[in-house]
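Participant: Sequence:
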Amino acid sequence: MELGDLLFSVVNVARKLGVDAETALRSAADKFIARFERVQLLATQRGIDVARSDLAQLDALWNDAKRDLDA
Numbered sequence: 001m002e003l004g005d006l007l008f009s010v011v012n013v014a015r016k017l018g019v020d021a022e023t024a025l026r027s028a029a030d031k032f033i034a035r036f037e038r039v040q041l042l043a044t045q046r047g048i049d050v051a052r053s054d055l056a057q058l059d060a061l062w063n064d065a066k067r068d069l070d071a
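So that you can map any letter, position 66 of the sequence shown is 66 in our numbering, and since no number is skipped, the others follow by simple counting.
Keep in mind the hints are simulated off the structure, nothing from the lab.
Keep in mind the model is a prediction, meaning the values are calculated, not measured.
Backbone N, C-alpha and C define an ideal beta-carbon position, used for all residues, glycine too.
Check before you lean on any hint, since a few could be wrong.
Taking CB as the label site, the calculated pair distances span [stated by the list, open to error]: (1) A60 to F8: 36 to 44 Å; (2) D30 to L55: 18 to 26 Å; (3) D49 to V19: 37 to 45 Å; (4) S9 to A56: 30 to 38 Å; (5) S9 to Q40: 28 to 36 Å; (6) R26 to D68: 20 to 28 Å.
Build the full structure now, drawing on both the sequences and the hints.
Facilitator: Right under this line is the structure:
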């Protein structure tokens, strides 16, 4: 129930800022998916097994994906 209240509040803030909350969420989800797919591609290209990678290695892949896609 508290999570619902929080989500309702965030949508209300978006409305006051003139932002369509659904569009903003969809855009953020699309960006996440693109980055995640890029991480998978980079891992494959580099011969990295994502399932066996530690957090530092995954963070490095994520940062590389962000850099590649945000450039």
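Participant: For each hint, tell me whether it holds in the structure or not.
Facilitator: We went through each hint and held it up to the structure:
no., hint, verdict
1, A60 to F8: 36 to 44 Å, "holds, 37 Å"
2, D30 to L55: 18 to 26 Å, "holds, 25 Å"
3, D49 to V19: 37 to 45 Å, "holds, 40 Å"
4, S9 to A56: 30 to 38 Å, "holds, 35 Å"
5, S9 to Q40: 28 to 36 Å, "holds, 34 Å"
6, R26 to D68: 20 to 28 Å, "holds, 22 Å"
Violation of the numbered hints given earlier is absent; every hint is satisfied by the structure.
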